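Asks: The primary structure of each chain is shown beneath.
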Amino acid sequence: MAEATPTKSAPSGSMGGVAGLLRDGLRRPELASLAGLVVAFAVFSVLRPDLFLSNDNGINVASLAGQYGIVAVGVTILMIAGHFDLSVGTVVGLTGWALYYFGNVLGLPPALTLVCALAFGAALGAINGIIQVKTGLPSFIITLATSLIYRGILTMQTSGFPVVVKFPDEYTQIIAGKLLFGYRMSLLWFIVVAILATLFLLRTRMGNWAFAIGQNPTAARNLGVPVARTTVTLFTLSGFTSALSGVIAAVQYASIDANRGTGWELIAIAMTVIGGTLLTGGYGSVIGTVLGAIMYAMVTNGLLLVGLQGYWVNIFLGAVVLVAVLINRAVITRFVMRPSMPPPEAPSPASKGAAS
Amino acid sequence: MSAAVIALRNVTMAFQSVTALRDISLEAHAGKVLALLGDNGAGKSTLIKVLSGVHRPTAGSVEVDGKAVVFRGAHDARAAGVSTVFQDLAVCDLMSISRNMVLGNEPVKGFGPFRIYDARKAEAVAREALATLGVDLRRRFSDPAATLSGGQKQAVAIARAIAYGSRCLILDEPTAALAVRQTEQVLDQVRRARDAGQAVILIMHNLAQALSVADTVVVLARGRVMGQFSSADADIEHITQLVAQG
Numbered sequence: 023m024a025e026a027t028p029t030k031s032a033p034s035g036s037m038g039g040v041a042g043l044l045r046d047g048l049r050r051p052e053l054a055s056l057a058g059l060v061v062a063f064a065v066f067s068v069l070r071p072d073l074f075l076s077n078d079n080g081i082n083v084a085s086l087a088g089q090y091g092i093v094a095v096g097v098t099i100l101m102i103a104g105h106f107d108l109s110v111g112t113v114v115g116l117t118g119w120a121l122y123y124f125g126n127v128l129g130l131p132p133a134l135t136l137v138c139a140l141a142f143g144a145a146l147g148a149i150n151g152i153i154q155v156k157t158g159l160p161s162f163i164i165t166l167a168t169s170l171i172y173r174g175i176l177t178m179q180t181s182g183f184p185v186v187v188k189f190p191d192e193y194t195q196i197i198a199g200k201l202l203f204g205y206r207m208s209l210l211w212f213i214v215v216a217i218l219a220t221l222f223l224l225r226t227r228m229g230n231w232a233f234a235i236g237q238n239p240t241a242a243r244n245l246g247v248p249v250a251r252t253t254v255t256l257f258t259l260s261g262f263t264s265a266l267s268g269v270i271a272a273v274q275y276a277s278i279d280a281n282r283g284t285g286w287e288l289i290a291i292a293m294t295v296i297g298g299t300l301l302t303g304g305y306g307s308v309i310g311t312v313l314g315a316i317m318y319a320m321v322t323n324g325l326l327l328v329g330l331q332g333y334w335v336n337i338f339l340g341a342v343v344l345v346a347v348l349i350n351r352a353v354i355t356r357f358v359m360r361p362s363m364p365p366p367e368a369p370s371p372a373s374k375g376a377a378s
Numbered sequence: 016m017s018a019a020v021i022a023l024r025n026v027t028m029a030f031q032s033v034t035a036l037r038d039i040s041l042e043a044h045a046g047k048v049l050a051l052l053g054d055n056g057a058g059k060s061t062l063i064k065v066l067s068g069v070h071r072p073t074a075g076s077v078e079v080d081g082k083a084v085v086f087r088g089a090h091d092a093r094a095a096g097v098s099t100v101f102q103d104l105a106v107c108d109l110m111s112i113s114r115n116m117v118l119g120n121e122p123v124k125g126f127g128p129f130r131i132y133d134a135r136k137a138e139a140v141a142r143e144a145l146a147t148l149g150v151d152l153r154r155r156f157s158d159p160a161a162t163l164s165g166g167q168k169q170a171v172a173i174a175r176a177i178a179y180g181s182r183c184l185i186l187d188e189p190t191a192a193l194a195v196r197q198t199e200q201v202l203d204q205v206r207r208a209r210d211a212g213q214a215v216i217l218i219m220h221n222l223a224q225a226l227s228v229a230d231t232v233v234v235l236a237r238g239r240v241m242g243q244f245s246s247a248d249a250d251i252e253h254i255t256q257l258v259a260q261g
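Chains as they are written, first to last, in our numbering: chain Z, 23 to 378; chain B, 16 to 261.
Worth flagging that the hints you see were computed from the coordinates, not collected in a lab.
Please read these numbers as outputs of a predicted model, since none were measured by experiment.
Built from N, CA and C at the ideal position, the CB exists for glycine as well.
Since no wrong hints were added, every one of them can be taken at face value.
Partial pick of chain Z residues on the chain B-facing surface, computed with a CB cut under 7 Å: (1) R225; (2) F233; (3) A234; (4) G304; (5) Y305.
So here's chain B without its partners, still in its complex pose (with noise of 0.2 Å):
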């Protein structure tokens, strides 16, 4: 197996006298899904905040394509491939669906002091990024994100990070929120990133969904990881014990 796109090793995160994160070792690789499993509590943010350069480990290092890496904010994280997805915070509901797709990657034409918004290269990035995901959301692009479904934002914010550049998707509890059939297409777009050749980490705390898309489940538990399965020979079971354990 080739080297993991992001790997944490034996990763240790204190703040003061409390350690959210005890030896964590864990690895993502491209074209596979990992999902983090844990009920509230057990580590799950700051473990994301640690991928996505937010925080910087105590003890232990972070490794990109096989090499230990430091990421000073989460500039650096994002320059690395590594995106992470927040569901609440996608999108801006009254700037339009295209606008939205190219957010701080805005494309320009002319020159110098002369360069401005290119509102055509703008709506081809959004049409082929979300061809990408096999989403047709069904609008005009020139449409507010406002009209969009829950499911359907997240689909704008993962094709968004796909198209600029991400390698792997860190996606925060994506289905939280939604109802049965937006949580469906959700996790469809995860099927397709992943098909892309994303090396997607869902941040999630069910378990059949988890199951259901993940190749491999970590279940993480006040801060340590508890047991590690492939979804393939997982025992759901012993699953949510662990979890619940936690």
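Bound conformation, chain Z alone (with noise of 0.2 Å):
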């Protein structure tokens, strides 16, 4: 506030110009990741060239990111909400079951098991939510406790061993079949969830809500906003985003595995955090997460290419989450919270009647 220089002015409203596009720009949560995964890139192309730049890395890159980035798209809407989803890594594996249950013991047709498959993994989700919103309890503790439950339920219903299952031809090439150049469907499902993810939350009313409720719920409900409502709409569709997963996972491993999906939800995490997600919520971005997503599986398979130890890769990542939160949190300072043009010098009055 201090540093107001009376001497600039500029008509309210319209800022624009170059100044103006740039502190937009600088002020985007992606900003961090975006940085992080052209480093990222370039370095890994320096030192391994032949092995980094190859198809075969893409492929592999694009299957690590979707696999995971689908379910930090989930986690990531219900972030900026200020919820946090411990139980989506369990989810994962929970739905791979299902899609065995009802199609291969229940015996339903193929797509109606693809549907309940995915509706179970989004009612799961919806469970969290319902329970959140009646009692109350942090979303940490909730999802902490039901993600326990529903690994117990999954190895219950898999006596705690992999097993291999044959999917049906009909889902199988569209759910994790190839699609172009050797890269599986599972980059498209990735790219189709982020992209409804995104619209989602800047060009519809609940997304609007979602980071009101993630900032601010005070305000919010007493502007109106159906808190409860918008509450467990997101959890549902952290459900449904592990869901997929939990789907595209199994089809494309042909397995289902007691163990599957564990750990995800820190990953999933992770790559929310690098992609410039607030953790306290009430900001963030979808395609930040799809960045983040994209740099921890570039990462994860570059540090492998260029020679390292695989433990080198926890490291490193845990090098990149810390790195990353330090610069979204000055982005956010130094940006976001400064106006873009200086502070009203008199109380200006200038504009009495109508402001045009």
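Using the hints, put the two chains back together into the complex; each one sits in its own frame.
Replies: Structural data, given as structure tokens:
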């Protein structure tokens, strides 16, 4: 507030110009993840151009990014609304079992099997949301509890072992088959989910409510925002994205597994945070999460291609998360919270009457 | 004088053994400012909650446009055009000014499931609403609300209430945490809202500020109305004593 420069003045409502565009750019939550992605790409391209720039590596990165990234999109939407979902990993595993159960045990037709499995995962998410709304407990604790419960049920159903399953050809191609140039369908689904989620956040009323609830739930409630309905819907969406990833994983690996999805929730949170979404809610972007997911996959593969031992991957990714959070915090305090034009020096009685 | 936009008739509000409000009667008229003065614990917040539909009075009635009504919740009060602006809870800091302005009433375009947020309309709403208050934020509407001063955030909240059908504006300590210049801005906004036909109820504890905008001052102490004065013939010392006695 102190560094007002009274000489500059711009009409309200239009700043425009290069400075305005630059300021808008610096305010984007995706900034750190985009920069990190460019750096990671450049470094690995220089170190191992032969392997890193190969088509095979592209396929691997896309597959890894898509698998976790779809889950991370749901986590992002929830985190923007100020909630955590630690149950996404187990929902991934349990939905794989549901796909097997509805199709191979109950013998439902393939299309119906798919719909039921996805609805099952969405319902698991809805349960989290309903418990949150009814009890008011922190979602962190609720989803920790339900993730244990869901995991227990999955282990019970699978006897704790990976089970090889033959899924019907009707949907194996569309769910996890080949796309183009060897890329898998999961990449397409990742892109579709990310686009829909972005439209949801930026172009629907409920998207606006998600941001508001994440920042100032009391204000949102005072203004008539249906906080409970929105919260349950967002948890349901998170369950749905996890279910989609669970279905893809089950079909792609042709198996269900009691341990599938273990730890995915933390990877999804890492991708979300790298992507610039604020851990405390109210600010973030799905595009950022997409960049975060690609960066995660690129670093994971790149480090191995460069010849480092597997344990370096985790050490390096941990550092990446920390640095990303620091950069994101700096972006918010330096650019988002500062005005793009000087604060009014005089109490601006200039605009008596109609401000154009 | 036409019927009050909102009025309390002999309202008593008791919570088990504690009686927070006792036999309160007051009226807020369109185009007038009513200031409620009182020390901490005088019953001001309970009074706001009765007016805004959060509490239902134990005895007595709430009238809107001269007819007795029962608010079953904050939603009912809002629907009747009674809106409350809380200072700290007015805006979402990291959300853009225009999105803050339409929060809960987002304009949409398109049909059915394809209805999308109408950003242009939201900006128009923001521009028009702020013009009613004569406020120039000197910001782009896409800027986050965090870039606004306390007084400007208050302006956004007031403009928002007016834009969405408020007829009675309840402002809870609108100047409490503000610097002198911003306080002056907010009091100016209050005058503008009054001129736009709002019935304004101001909850204050600064007497001088209250007198500078209010048409009527009501002094509240220990849950009772201790006195009601027209600003024109208010005796500052007498009112100060009344407030202090509480």
